[in-house]
Structure formats: structure tokens, C-alpha cells
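S.K.: Now for the letters of each chain:
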Amino acid sequence: MQKLVEFFQTAPVDPQQAGQMLWLIILLPLLGAFITGVFGKIIGRANTHLVAVGAVFGSFLLSLIVFWTINDYRAMATTPFGSVNYAVGADYGTWFSAGAFKVTFGLFADHLSGSMLLVITGVGFLIHLYSTEYMSHDDGYWRFFAYLNLFVAAMLTLVLGDSLPLLFVGWEGVGMCSYLLIGFWYTDPAKAFAGRKAFITNRIGDFGFLVGSFLMVLALEAATKMPADVSSKLGRPGLEGSSVLARLSDGAKQKGPLAVPVLEEGSKVFASLLDDTIPAGPLEGFTFGGVLTAALLLFLLGAAGKSAQIPLYVWLPDAMAGPTPVSALIHAATMVTSGIYLFCRISWLAVLSPTAMATIALIGATTALVAALIAFSQKGLKKVLAYSTVSQLGLMFLGIGAGAFWAAFLHVITHAFFKACLFLGAGSVMHGNGEEEDITKLGNLRKEMPTTWLTFLVATLAITGIVPLSGFFSKDAILHAAHTNSIPAVAWALKTAWVLGVVAAGCTAFYMMRMYFVAFEYPRSAEAKTPHAHESSWHMTLPLVVLAVLSVVALVHGLPIMKAEGRGTIQTLMENFLDPVFRTTQENLAKRQFLVIPPEEHVPWGAYLQAWLIALTGGGIAFFLYMRFFPSRKGQPLPGPLEALRTFSWNKFYVDEVYNFVIIRPLGVVARVLWRVVDSILIDGVAVRGTAWVTKQSGSVLRYLQTGDAQAYAAIMALGLAGALVWVLQRYAL
Amino acid sequence: MLNTPTVTMFDLHVVLPAAALVFGAIVLMLSEVFLSSPNRTYMAVIALVTSGIAGVVALNNAFEPARLVLQGFAVIDPFSSFMTVMVCLGTGLASLLAAGFLKHRNAERGEFYALMLFAAAGMSLLAASNEFITLFINLEVLSVATYALTAFLRRGPRPAEAGFKYFILGAFAGALLLYGAALLYGATGTTRLSDLATLLPGAMATRGGLVYAGFGLVLAGFAFKVAAVPFHMWTPDVYEGAPTPVTALMSVGVKAAAIVAMVRTFLALVNGLDPQVPFILFSLLALLTMVGGNLLAMPQRNVKRMLAYSSIAHAGYLLLGVTALFVPDAARSSDAGGVLSATPLLANAAVNASVYKGILFYLLGYTVTSIGAFGTLAAIERREDETRSNTWDLERLAGLAQRQPGWAAAMAAFMLSLAGVPPMVGFLGKLYIFSAAVDAGLIWLAVVGVLSSVAGTYYYLRVVVYMFMRPAAADAPATFRHWTTEVALVVSAVATVALGIVPGPIAEWLSRAGMVFGG
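From first to last, the protein sequence lines are chains Z and G. Each residue of the first sequence is one higher than the one before, starting from 1 at the first, in this note's numbering. Each residue of the second sequence is one higher than the one before, starting from 1 at the first, in this note's numbering.
Calculated from the structure, these hints are not laboratory results. We put the beta carbon where it would ideally sit given N, CA and C, even for glycine. Be aware that a few hints might be false.
[Stated by the list, open to error] If you anchor each label on the Cβ, the simulated ranges turn out as follows:
| no. | chain 1 | residue 1 | chain 2 | residue 2 | range |
| --- | --- | --- | --- | --- | --- |
| 1 | G | SER435 | Z | LEU210 | 57 to 67 Å |
| 2 | G | ILE501 | Z | PHE39 | 14 to 24 Å |
| 3 | Z | ALA246 | G | GLY406 | 40 to 50 Å |
| 4 | Z | GLU535 | G | ASP475 | 55 to 65 Å |
| 5 | G | ALA171 | Z | LEU705 | 19 to 29 Å |
Assemble the whole structure, with the sequences as input and the hints as a guide.
M.R.: This is how it looks when you write it as C-alpha cells:
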């Protein structure tokens, strides 16, 4: 055992070199995107598949090496504030600068981004492989693979970037690819519209992200300019208080204020300054705590856009218009988790604002419940999965808000496995049933598509949280943290969030089992498009099997088998693994005590039992209703109130309609007025056309001088010269 | 005893590029006599290789320190050497364009390329001249060669008319320049620019009128060559009448050489003069040229004529850079007011360095872009249309994106670059020039420049609109393709985009200290 551990902790390559080659991981899919996008049509389908799948597989291999490296105790990334253990990174110089502000192009992989690397490239590879079969009848295959590769490159930039601007490049890149892929079949107006909806909703979030970043720049600058008398508060073990601000300022000059290490160092400074008022500058009069809370809430808005949380979740269900592999990769496994990744990345800032933490927890829990309730009545296979994704993302946000960053991140990983498996399973079902996705028109799939059935069942059990599948451990860890941790300033928030979360977890079990029973266990529907379904080929089932296996074995991360260093308590494998990432978070927590995390002394059997019971109850009700109750009452309508509830849920609580009425319509009216009056008449008519008319007329008048007569030309030259000479000589003479 | 000047090998570096060009020209003329192969593309290749060699030699010169050579009759400095590199680049590309163009018209003759190389030799030496007689002779070398090239295709009345107009007006302007030089000689007793610089302050006391008159006349002579308004009238007629590859060479080479010679001459001539005089004259020229060129280009439907006016506008931007060199010190505040006033933001030396960089980079960008734009025109124009008036009408470009997507994409890049849209090289050139002008305090003049270039976008984008959004005419003829043309277009297009994205080491070379001797 010791030998094995040693083997995995000794990287095959020099960590320094591994850091230098991080850009290759991004380059490969980018190159793939270029080749498939530009030459895909020429080189043919098979070569396109080879290039696209090969590029992601190459990235995966490199990611494996990097992951191996960051488990090496020698791996060390240098930052302006010393080095970080268990991480590799490289700085490729200044990307852009404006005055004192600068952004460096640096990549960085630690245990957090390293795990994301494996998920993105690993699951990405499987989904690419799956797509080769799924898109085999589509003429736009080269466009599809170009977008998909581009997406992988952008997502990798998002997780590898060591500064918020670089992260934002990836953030926007994945948003753009998502838009392109949702609207992949753009000839269908509804699908093109879904793409647009996703894009616009995301823009709202991006606005929050950007403003939040600007606030952080201002806050950091204000901190470095604080008067010297605050330095007594800033001392840390091994660091004089007086030198802290200078160190921060130097680091910000060297790496740019938005670099992750600089922000991390900044968070340690903020931790001591939260109640201080900023004496001068644009933020004059605000406290650091207030600014930080505002920035975090803006980041939350950004994360809500990308990760489909209330109030910006409405785009994700519509995003299912895209091809199913896209839903699996982008709208389940990777892109939508970037909000959680962002908050894990800046967790040291998040724990400094109890308001922000409580808001995150409440938003997450509410989203989880609302989405789960909507999922109750949806009939589309992918629609249910989409709402289930929204709901699961909500649970992850609950984990973030409860301070269980590792649990939220663990759920990101396990969710990536089982939700990708579910989506791909759904794609396989649709592929084998004439593109039918209404669950009431399927049925008997257990017999017809055995591989798909088995993998779908495993993934369903995983998401419902049945012991011992991986989803159980991650979801339980989140709910357990929401239960035991507390935010003393707003104690009610986490308690409420916990209740909502538990109900949402129960609902998850219900709607997932409902979907499973109706689609797989019911007899073959009379309305099915094909009398029999056909099982998909190995390109599609292999990824299913791998993902199903992964959603089982990922459970090891959730086992409480590690000993927490120095605290004498137990830890799960994942918590232990992510410990280096959240070290500053722990320090800030210890310093301000905004969030109380009681140490875990024993394996929480009680919590496990509780979570298990919730899952079993939800699943049990679904079994009773759909396998016993409804079949026995075939033909009879539902009682009135229940039917009303069902309609309410089926119409997604009319959220789209409310948004349409409250935001989109008024905006449309204002826009029309601006267009008709300001734009058409004032700008187009007077300013643009008027200027153009005057300019063009003067050009036409000047043209009459151009007679084509050489004598006239010479005369004009002579006149010009004479004018100049007269002016000069007269000036000289005077 | 013979009064032999002492000339060392070291002095001869300055003439090496020109010598290479002349040698190539002689080889071409001899080959015309001794080789009678029907396929004469090799001539273009010889011209290309010759200008390549000359370019490399000139590039080598560009890293030598600036100094007087040939007893002060010439200088060798990075400014003129870089200019020579660009002229060689332009000549090489233009001869590639000419190969296909002439073959299509059955007019491939050795003397065509020889004349091009002679013109290039004249340009190279003109940029290095430091004495009025040398300067005049080199100006005539390049001018006579271009007169002949303009009228090279003698089909229809237009080439002859263009050549003759160019010759008459060119001779007129040459006479003005010579007259100005004579007056300055009369005032100071020297024709050497470096001596003029020291003698002029003294001469001003006694013979100021003579100096001012000479100054004005020389300026008029140069203004003709760079096609500054109101000395620009010949440009559209000549540019339109000349064979398109020759127009391409004229628009880049003649202009570049004249601008460089102008900068060198006036850096010497302003000594001792009232600083307001050169400043106001140059700003007026720049203002009129920028605005006039763009306004005149706007109503043109004839793309070749439009490009001719556009080249006037671009000369205006270059003159804006030149004006920045002659901004009076802040202490002597301007008395003109309005657009023609300036309050320098930076010290002169810093401004000058950025002006030189701006001018050279602008010329480089304009070289590849303009050659490409005229090259595309040359590629699509039909021999049968030569005598008609609608040869270069916008309609001829309609639907080019369907017929020749590669050419259309390249032409779009050239148009965007001429309009100054990032990431094309034209944007960076404008940026350098305008920022140098702003640093020199020419804020209002720079604003006028930017506004007029915005107006210019109209006619550049109209070309793009025609190529991409109008259907091709039903009787659109098949285009005549020749590999040399394609190579030239590809090189120009790639350079237009690449230099705009990665100005890289080139911009750094151009911003070294000591660019201009004595500058």
C-alpha cells in the first residue's frame, strides 16, 4: 500500500516542466477546432472524427500527467507571495496592461482545477466518442465537432486561467460555444431562439461578473492605500504587519490585481479590514466588508447565469434544443458547474461575507426545490433531466453557502458522471426510438435496450442518492453540512436552506424514479414511433458503461477514511484532497468565525441513514404511484386540485410568462420608442444621413474642379503656390 | 593635379541597393535582346529576385549608424534604408502583378521591368540624397521611368494622355523645385542640406525673402510628388491611365521616397526660419489633403480612381505625421488659432522618434495594402474593356465573393486596412501616426484626420458591400488567373493581416534611436 501511494506521489515528469506545458492542454482542442472547422468538410467524416476525438484524448492524457504531477509533494507553483504546494503553474508574461493595471497570461493547476481537468477532458472524450455515432446522420458534423472542440478548449481555459480575466475568457468562450451548439440546428426557429435565450440570460450574469471584478480591483487598490495605522491589525505569523500592504501592492503590480494569488493574498488583508471604512478613492465611505459583499453578490449573479440558478435558470431547460451530447457535456457535466468552480476558486473571499454565504445557500436551496417541483410533471426525457440538473446545481450552491466547498465540488464531479450518463442514456433512447423523447410514448426499454437500461438505472440510483452510489455521498455531505454548520449572523438562513434542500432531495428521488418507471418499466406504448427500439452501437454504449462505472466508483471520494491533520477528526477523501486549495479559506474562517463548522469526530451514521431514508421515501412514493396507483386507475382523471397543481408544474410555474410580462415586454416598448424616435429620426435621419449628405455633396462639388485639363491643373498648382508665397513673404516683410 | 574626391568602400554602402537594382535592369534589357522565349514570366522573376537582393542589402544598411557619406552628398541612415526595403518590397510585388497583367495583354517586355527597377533605384537614392542637385537628379530618374511606364501600354488614348499629363505637370513641379533650390543656393551659397542647416540662420538676416521664396518653391515641388492638395490634380488621371501594376508601384514607391526626401530636406530647411511658417504650411497641406482626398474619393464609382483619391488621403495622414515634426516650441505660442494650433505634450526628440516610426510603419502597411488593392483590380480587369469608361466600375466587383472567394476575402482585408479597421495593418499605422500627432500637440488636426478617415470608411466598405452582397452580373466573364498574381495577392493579404496583429520586431526596429541623420 505504501509503495502504491509513493508511486502515485512521484510524478513521471518534472513538476516545473508540467507547469510549462499546461498551455498544450488547451492548444490541442483549439487546434482540433481549427482543423475540423476549416477543413472538416474537405477531409471527410472519418478524419474529422479522428482529429476531434484525438485532440480531446491527447488533452486527457496530458491532463492525467498534470494530475499525477500535482499529487507529487515536490510540485510547487510560484506566486508573488511564495510558493503553493501541490500545484503547478506558469506565467507566460503580460497579456495586456493599461497604466498601472495589468493582466498576465498565467495558467495554474492545483487539486481543484486538476480535478476539473480530468472531468472536462475525460467526460469530454467519452462524449466526443459518443457523438461520432450520434451525429452520424448529420451533414453539419464538422461544424459540430469544431464547436465541441472549441468548447473543450474554452472550458479548459476557464479552469486553468490563474486570473479572473483569463477565467472570464473561458467563461465567455463556453457561453459562446453553448449558444452555437444550442442553436446547432438553426434552421428550426425555436432552436435558434433557445440559443439566443441562453446567450442573453448569460449576458446578464456576465455583467455581474465583470462589475464584481471591477469592484475587486478597486477594493484591492483601496486596501493597498490604507493609512499606515491599520498595519497593526495586519500582522500574521511570520509576517510583520507593516510589510503586508507593500507586499500586496508589489504582487498586484507583478501579476495584476485580478490574479488569483493576488486576490487570495488580498482576502487575508480584507479579513482584518472588513469593518474599516475606505478613506478615499471611488469607494470612499464604504467599508471593505460592504464592498466585498457587493462584489460577491455580483459574482453570484454571474454564477447564477452560467450555472442556471434563480433568477436566471430559465435558459437551461430550453437549452435542450441542442444535440443530446451537447446537453450532456455542456449543460450537465462541465459548463454549468463553472459557477460552483468560481466560488470554490474564490472561497477565501466568500467566507468573509456571511450575507453572501447565506444568500448563496438560500438561492441554491430554493432553486433545487423549485426545479425539482417543475420536473415532477415534465414529459420530455431531456426536460426532466434539465430541471434535475438545475436542481442539482442548486444543491451544489447550497453546499457553497454552507461552507462545504469540498462537498459542493465533490457533487460537481459525481454529478458530471451520473448526469452525463443519464443524458447520454437519454440520447441513446432517442436514437433507438426514432428521436422520441416523450416518456409516455416509450416504454419497455428494459428489455429492448439492455445496456442503456442498466447504465441508466445505475445513474438514476446515483442521482437519487441510494447507498452506496456516489451521488449519495456527495449529496449527503452537502445536506449534512447545511445541517451542522451555521452562520451565526443569520442563523435562520442555513436552517431554512437545509429544510428546502432535504425536501428537494426527496423530490429528486421521486421524479427520477417516475421517469425511470414510465420510460423503462411500463409496457411499450401504443404511440411509440417504432414498435421496437434498437440498442445503440458500441460508440454510444461504451461511454455509457464507463460513466456508469464511474458514477459508482466515484464514491471513494466521499468515504470518511482520512484523518484531518492536526484537528484529530475524520475527513472524507475529497475533503482531504482539496485541503491545500482551501487552506486560506480555513485561515480566514478561523479569523472571522462568520461560519462555524463543528469538527467531525465520528462517521456520521445518523446523517447517512437520514439521507438514505429520504431517497427511499421519494423513490418509494414514485414506485407506488406509477407502478401501482396510476396503472390501476387508468382512464380516470386526476382529482381537481391535483390536476391544477400538475398543470401549474407542467407550465413551469409560469416563470417564463412572468419574465415576459415584467421584463421583456416593457423593455420591448422602451426599445421600440427609442428605435422609432431617437434612432430612426434623430440619429439615422439627421445625424447620420444628414452628415453623409453634406459630405457627399461637398465631394461632388469639389469634383467639378477635376476637369481633366492639364493647363487647369497647372494653374491650380500655381495658384496654390502663389497663395503660399504671398502669405509667407508678406509675413516676412511685416 | 586631379581633384579626386576620397571615396571609400564604406561610403558606397548607400548606393549598393540602387546598384543591385540597376544591374538587374541591365540584365533584363540584355535578356530582351538575347532570349526570345515566348514565356517571359522569368523576367518578372528576375525583377523579383533583384529587388529581393536589393531589399536584403538595404535591410543590412538599416542597422548601420547614421552618417554622412560621399562627401556629404548623401546620408546613410535607417530612415532611408528602411524606406528602400519597402520600395524593394513594393517593386517585387508589383513585378509579380505585372507578369500576369502583361501576359494577358501580350505586352511582356524586358524594358517594362527594367523601367520599374530604374524607378526603384531612383527612389532608393532619392531617399538618401543630402544635396539638392543629387536630389533633383534622382527625382528625375524615378520620374522619367514612371512617365514611361505610365504610357507603356499604348492602346487607346488614355495611357498616352496620362503619360503626357504626368510628364508636363511633373516637369513643371520639377522646375519649381529646382528654382527653389537655386534661390536657396543664392541665399547661402551651398546646395548641401547639412551646410544649409548651418548657413540658413545667417542668411535669414540679410536675404530672408530669398530663403522664404526658395522654401515655398521646394515645398511645392515635393507637394506635387506626394500628391498633396492642391498639387494633387494629376493623381487621379495618371493613376487611372497607367497600367494597374504601375499605379500600384507609383502609389507606394514614389510617395514613400518623396515623403522621406521631404522630411530630410525640410529638417534642414527650417533652421533659422520663423517656426510658424513651416508649421502652418505643413498643417494646411495636411488638412487639405486629408479632407480633400476623402471628400473626392466619396462620389467615385470608378474603383481605380477612388483608390487614387484614397492614396491622396493617405498622403494627408503621412503629412500629418510630418507636420508633427515642425510644431513650434510651446514657449512661442501659436498665433493661428483653431485647427492650426498646437501645444506639444512631449519633448521634440520623443515626438520625432515616434513620428519616424509612424511614417515608416504607415508606409510599410500602405505598401502591402495598396499593392494588394491595385493588384486585385489588376487581376479582375479585362483587356477588352481597356478603352471603355466603365472598366473599373463598382459593378465589376459585384459578386466577386461568389466568383473568386479568395480574391474577395483578400480585397476585403485590403479595404478594411485602408479604412483603418483593426486588426489590419492600416489601423496600427494610423494609430502610430495619430498618436504621434497628439503627442506633438496637434490634437485638432488629429481629430480632423480621424473624422476624415471615418468618412473614408464609406467608400471602402462600399467595395466590400458590392463584392459580398451584390449578385454577380450575368455576363460576368471568367477571371484570368496567373500564379504570380496569386502569389502577390497572398503575400500582401497575409502581410496586411499579420503585420496588424503582430507588428512585433518590425515596429521595434522602426522605433530605434538615430533613425534620421541629424533628426
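S.K.: Hint by hint, say whether it matches the structure.
M.R.: Verification of the supplied hints:
no. : hint                            : verdict
1   : G:SER435 / Z:LEU210: 57 to 67 Å : violated, 27 Å
2   : G:ILE501 / Z:PHE39: 14 to 24 Å  : holds, 22 Å
3   : Z:ALA246 / G:GLY406: 40 to 50 Å : violated, 57 Å
4   : Z:GLU535 / G:ASP475: 55 to 65 Å : holds, 59 Å
5   : G:ALA171 / Z:LEU705: 19 to 29 Å : holds, 22 Å
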